[in-house]
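Sequences and hints are given; from them, build the entire structure.
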Amino acid sequence: MANFKTLAKREEKYKKFESGHSLCEGCGLPIAVRTILNSIDGSVVASNATGCLEVATTRYPTTAWNIPWIHNAFENAAATISGVESAYRSLKRKGKLDGETTFVAFAGDGGTYDIGLQSLSGALERGHKFLYVTLDNGAYMNTGIQRSSATPKGASTTTEPAGKVTYGKERQRKNLTEIVAAHEIPFVGQASISNLTDLSDKVEKAVAKDGPSFLNVLSTCQLGWRVPPSDAVNIAKKGVETCYWPLYEVDEGKYEVTYEPSEKLPVEEWLKPQKRFAALFKTGNEEILKEIQEDVDRDWKRLKAKASL
Amino acid sequence: MSNGNRQVLTGHQVVANAMRQVDPDVVAAYPITPQSEIVEYFSKFVADGKVDSEVITVESEHSAMSACVGSSAAGARTMTATASQGLALMLEIVYIAASMRAPIVMTVANRALSGPINIHCDHSDSMAARDSGVIQIYGEDAQEAYDFTLMAQRLAENEDVLLPVMVTLDGFTLTHTAQVAELLPDDTVTDFVGEYEPLYPLLDVDNPTTQGPFDMPDYYFEHKLQQVEAMNNVPEKFLEVQEEFSDLSDREYSGLFESYRLDDADYAIVLLGSTAGTAKVVVDELRDKGKKVGLLKPWMFRPFPAEEMKEALKEKEAVAVFDRSLSFGSSGPLYLEVSSALSHEDNKPRLYNYTYGLGGRDIAEGHIAEVFEDLENPDLESKMHYINART
Chain V
1179 MANFKTLAKR EEKYKKFESG HSLCEGCGLP IAVRTILNSI DGSVVASNAT GCLEVATTRY
1239 PTTAWNIPWI HNAFENAAAT ISGVESAYRS LKRKGKLDGE TTFVAFAGDG GTYDIGLQSL
1299 SGALERGHKF LYVTLDNGAY MNTGIQRSSA TPKGASTTTE PAGKVTYGKE RQRKNLTEIV
1359 AAHEIPFVGQ ASISNLTDLS DKVEKAVAKD GPSFLNVLST CQLGWRVPPS DAVNIAKKGV
1419 ETCYWPLYEV DEGKYEVTYE PSEKLPVEEW LKPQKRFAAL FKTGNEEILK EIQEDVDRDW
1479 KRLKAKASL
Chain Z
2 MSNGNRQVLT GHQVVANAMR QVDPDVVAAY PITPQSEIVE YFSKFVADGK VDSEVITVES
62 EHSAMSACVG SSAAGARTMT ATASQGLALM LEIVYIAASM RAPIVMTVAN RALSGPINIH
122 CDHSDSMAAR DSGVIQIYGE DAQEAYDFTL MAQRLAENED VLLPVMVTLD GFTLTHTAQV
182 AELLPDDTVT DFVGEYEPLY PLLDVDNPTT QGPFDMPDYY FEHKLQQVEA MNNVPEKFLE
242 VQEEFSDLSD REYSGLFESY RLDDADYAIV LLGSTAGTAK VVVDELRDKG KKVGLLKPWM
302 FRPFPAEEMK EALKEKEAVA VFDRSLSFGS SGPLYLEVSS ALSHEDNKPR LYNYTYGLGG
362 RDIAEGHIAE VFEDLENPDL ESKMHYINAR T
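Residue numbers (our numbering), protein chains in the order written: chain V, 1179 to 1487; chain Z, 2 to 392.
FYI, nobody ran anything at the bench for these hints, they're computed from the structure.
Do not take every clue at face value.
Within a straight-line C-alpha distance of at most 30 Å, the following computed DSBU-like cross-link-like pairs (lysine-lysine) qualify [as the list claims (entries may be wrong)]:
| id | chain 1 | residue 1 | chain 2 | residue 2 |
| --- | --- | --- | --- | --- |
| 1 | Z | K292 | Z | K384 |
| 2 | V | K1387 | V | K1450 |
| 3 | V | K1307 | Z | K292 |
| 4 | V | K1270 | Z | K51 |
| 5 | V | K1270 | Z | K45 |
| 6 | V | K1274 | Z | K45 |
| 7 | V | K1442 | V | K1453 |
| 8 | V | K1342 | V | K1193 |
| 9 | V | K1307 | Z | K384 |
| 10 | V | K1187 | V | K1484 |
| 11 | V | K1484 | V | K1387 |
| 12 | V | K1272 | Z | K45 |
To give a feel for the contact side, a few chain Z residues facing chain V, derived at Cβ under 8 Å [claimed, not checked]:
| id | residue |
| --- | --- |
| 13 | E60 |
| 14 | H63 |
| 15 | S67 |
| 16 | G71 |
| 17 | A75 |
| 18 | G76 |
| 19 | A77 |
| 20 | Q86 |
| 21 | A89 |
| 22 | E93 |
| 23 | I97 |
| 24 | T211 |
| 25 | F246 |
| 26 | S247 |
| 27 | G330 |
Just so we're clear, the structure is a prediction, and the values are computed from it rather than from any experiment.
Backbone N, C-alpha and C define an ideal beta-carbon position, used for all residues, glycine too.
Okay, here's the thing in structure tokens:
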């Protein structure tokens, strides 16, 4: 597996993703994108759903991408890359193209969990050889922090805000990683910008598969989570250490927890530093906090059970 | 030169054969209700090894056009086919295909948009796409649908154009009825369409391109004007392709519309698609009775041949424009175009708008003859007229 040195060397040799883009300080997206692209040895073609990553990296006439990159619309990063990958196979079969290329689709949680789910599901079922990466920051951050089905329970967003009579989002988030795993594709993984070796290992496994693969990457949005930019990585780490966001993979159907915290922290350690959860710590919302802890414990137990099979 | 092969085929089969002969690298399509059989016939050609295309059996028309954009940007010759609700669903991405200058050729079997759900012919589906930036060509019969599908390939990929082209044929009337059509030999088509050489393929990994970037107010307008310029180049390029195709096929195409006994006519009907066949019979019958009537059938609706049409119609006494779709709260889309084309003429003909055939409603010779009779009446009301409808 590639270590940081190897990744850094690859980036030094060819910078697939340039600096100078306009993503926020403390944004998790470029951390994830650089790690993912540097973990792929060789040429990469990427599609990108509408969102922060697309807007902040390709303001015409500038681009941060030194690889072939295509943006089509919000909900169709998977369908778009499936067209590119089909063109690649067709042109290679007809002898009009040489070489090996890896295909990656990048999308946020809104572009995947919500409006892009059908497009993703179809592309996975059709078996295109590509890696789909969801950069999950838990809301529509690009357009002003609106709720998505990835928004965690208890988070305040602009479309389901905490108010005098509400504490924020009432429903638990959709478990996208498990929805994708149900497609029984060769590789599914959950990773975080706080554990880059783990992320890199998963990318290497994913792109080596002869078929679709998927990664759900927890990515801090300092604006939406309301944390200091300097804490971006530490906060994501709390998500992992509390088992709110377990790091695991499903490799050819086999579940494995790829990182187990030495001490599973209480979920409050993840919630408290983020001002989006502030209402949960007001008197009267103790029950909600308890429910969130119970949700995390239940999901963690279920995951461990799957991994023990 | 021709040496064509005359066959009895449905419109769907004819178009599927045109696609087989074009041999696109990628076809992406979805069978929405109402479904077009074109992709079924084409998929059978693939299954039988008669064509070497990659077929992407997507999970929606939205993904069909999305995959087509990806494939076309990648540098592959790309086609799709759709109808009705499918076109409505993919419309968001048709705009993007045009703005990304993707030379995708798509066939539309014209069928009514819901609601109520209907599945029969009218032009509400393709008219909904008229401002998307796609070139639109309407066929009168299976032969024209075949011929235009082949010509569309050359037009779309012309470096001065590089736009998606929509070739339409009337649902059921043309798609499901068997007609005689002459198919060109396979190698004639291969030579005619030639090799596709994309300018900036995404798959050129040594020369990476960023496609579909974000435009702020400082560039968006100019990028739209580039589309305008490309669209403005279409008529001339279409005429060039027509000339070449006419030589190959021994079928005469030379214009953005067909004029039928129009030159000396006092009264004219303007309409799109298969109803032209019925209208020609009526024109012939009335001509036999000494009536000076004629027909103008646009082949190309986008770009709209306003100048040429003005010249063809400005001396007429009266003109009836037939629309097979509604623009609620306004006149029909074809009427508005014709009316606009004639707007600066001092002695322009009396102009009337007739809506017909919605949701597959029949239109017969008698209905068309009645309209010609209407046109002789200088006091005819200029309200919207509805043909064969219970008003």
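Take the shortest C-beta to C-beta distance between Z:Q86 and chain V; is it under 8 Å? Since the shortest Cβ distance to chain V is 15 Å, the answer is violated.
Keeping to a limit of 30 Å between CA atoms, is the pair of V:K1484 and V:K1387 held or broken? Given pair V:K1484, V:K1387 holds - Cα atoms ~22 Å apart, limit 30 Å.
For the restraint on Z:A77, tell me whether the closest CB of chain V is nearer than 8 Å. OK, holds: Z:A77 within 8 Å of chain V, min 4 Å.
Restraint: Z:E60 near chain V, CB-CB cut 8 Å. Satisfied or not? holds, 3 Å
V:K1342 and V:K1193 were given as a pair; does the straight-line alpha-carbon distance stay at or below 30 Å? Outside the cut-off at roughly 49 Å; violated.
Holds or violated: V:K1307 and Z:K292, Cα atoms, limit 30 Å. violated, 66 Å
Below or equal to 30 Å on CA atoms is what counts here, so check Z:K292 against Z:K384. holds, 25 Å
Do the alpha carbons of V:K1270 and Z:K45 lie within 30 Å of each other, as the hint requires? Distance ~22 Å between V:K1270 and Z:K45 Cα, so the pair holds.
Was the hint right that Z:S247 lines chain V, CB cutoff 8 Å? Cβ of Z:S247 sits 30 Å from chain V, so the hint is violated.
Quick check on the hint: Z:F246 CB to chain V CB, less than 8 Å? violated, 25 Å
Are Z:G71 and chain V close enough, Cβ to Cβ, to be under 8 Å, as the hint says? Status holds, d = 3 Å.
Closer than 8 Å between Cβ atoms is the bar; does Z:G330 clear it against chain V? Give me holds or violated. Status violated, d = 29 Å.
Checked against the numbered hints above, the structure violates hints 2, 3, 8, 9, 10, 20, 21, 25, 26, 27; every other hint is satisfied.
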